[in-house]
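With the hints as constraints, model all of the structure from the sequences given.
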Amino acid sequence: MRTIQRTHPFDRRQIRDAAAIAAAMVAVGASFGAIAIAYGVPTWVPFLMSTVVFAGGAQFLAVGLIAAGNPIAAVLAGLLLNARHLPFGLAIGSTMGTGWRRIVGSHLMTDEVVAFTLAEDDPARRRRTYWLMGLTLFTSWNVGTLLGVLLGSAVGDYEALGLDAAFPAGLIALILPSLRDRATRVVALTGTAIAVAATPVLPAGLPVLCALLGLLTLVRFGRRHREA
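For the sequence shown, my numbering begins at 1 and goes up steadily by one.
Hint data in this document are derived by calculation from the structure and do not stem from the laboratory. Ideal Cβ placement from N, Cα and C applies to all residues, glycine included. Treat the hints with care, as some may be off.
[As the list claims (entries may be wrong)] FRET-style restraints, in silico, Cβ to Cβ: (1) SER153 to GLY99: 20 to 26 Å; (2) THR190 to ARG13: 34 to 40 Å; (3) ARG180 to ILE72: 24 to 30 Å; (4) ILE72 to ASP11: 19 to 25 Å; (5) ASP181 to THR98: 30 to 36 Å; (6) ILE72 to ARG12: 46 to 52 Å; (7) ASP11 to LEU80: 35 to 41 Å; (8) THR139 to ARG84: 31 to 37 Å; (9) ASN82 to LEU202: 19 to 25 Å; (10) ARG101 to THR51: 43 to 49 Å; (11) THR192 to ASN82: 18 to 24 Å; (12) ALA19 to LEU202: 19 to 25 Å.
Structure, rendered in structure tokens:
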């Protein structure tokens, strides 16, 4: 029994975390699939995006901006939104392995996968956690997309199911622990205020980009840190 426990690749905590994040991703993926159908996007497009793009925030943003008739903003917003993957790759690139593993692993890289991976100190556990979370999220996201497309096609009004609230609720749950840090909290609130103020006067998609101006508050915090 001890030998089996030692050689088992994943422990209970890893499996529990994977199951919890999978359940959340099914709900968020269903939200994306239903919203895409409600916007009049062809049925095959959500599946293609969830498989080839596999970037939840960028997918929601792209579908919404394309439906609003602003494809250029969709491209720019997607590029800016996914620019965070550059430091992610530098932080955990060695965890993926080499060759084809790094190519496949880079496609599975998401915020959640990186967060769970960096929480592990042991290199071997990091590698196992990365692949477990990456494959779990990829599978659950596509299953959720399928459910959303089916529900959206059958119901028509995705808001009647409350699926439109799944994605923002999931994001809020992810960022809540980070808001304990004062600098992060100020950046988030400033960006939110800018986006809300810009919404009535700017085309769809641009207020989201303007929210990045909240990062300028970090200059003030950096200056205070140097003075201290």
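Taking the hints in turn, this is what the structure says about them:
1. Judged by the Cβ atoms, the range 20 to 26 Å given for SER153 and GLY99 is violated: they are separated by roughly 40 Å.
2. As the Cβ distance of THR190 to ARG13 is approximately 36 Å, the hint placing it in 34 to 40 Å holds.
3. The supplied range of 24 to 30 Å is broken by ARG180 and ILE72, whose beta-carbon atoms lie about 37 Å from each other.
4. Between ILE72 and ASP11, the C-beta spacing of about 47 Å breaks the proposed range 19 to 25 Å.
5. A hinted range of 30 to 36 Å for the beta carbons of ASP181 and THR98 is consistent with their spacing of about 35 Å.
6. Checked against the hint of 46 to 52 Å, the pair ILE72 and ARG12 passes, with Cβ atoms roughly 48 Å apart.
7. Range check, ASP11 to LEU80: about 37 Å between beta-carbon atoms, so the 35 to 41 Å window is met.
8. Checking the proposed 31 to 37 Å range against THR139 and ARG84 shows it is violated: the Cβ atoms sit about 23 Å from each other.
9. Between ASN82 and LEU202 the Cβ separation comes to about 22 Å, which falls inside the hinted range of 19 to 25 Å.
10. Between ARG101 and THR51 the beta carbons are some 19 Å apart, a value that contradicts the proposed interval 43 to 49 Å.
11. For THR192 and ASN82, the Cβ-Cβ distance of about 21 Å falls inside the hinted range of 18 to 24 Å, so the restraint holds.
12. For the pair ALA19 and LEU202, the beta carbons lie near 41 Å from each other, so the given range of 19 to 25 Å is not met.
In terms of the numbered hints stated before, the structure departs from hints 1, 3, 4, 8, 10 and 12, listed from lowest to highest.
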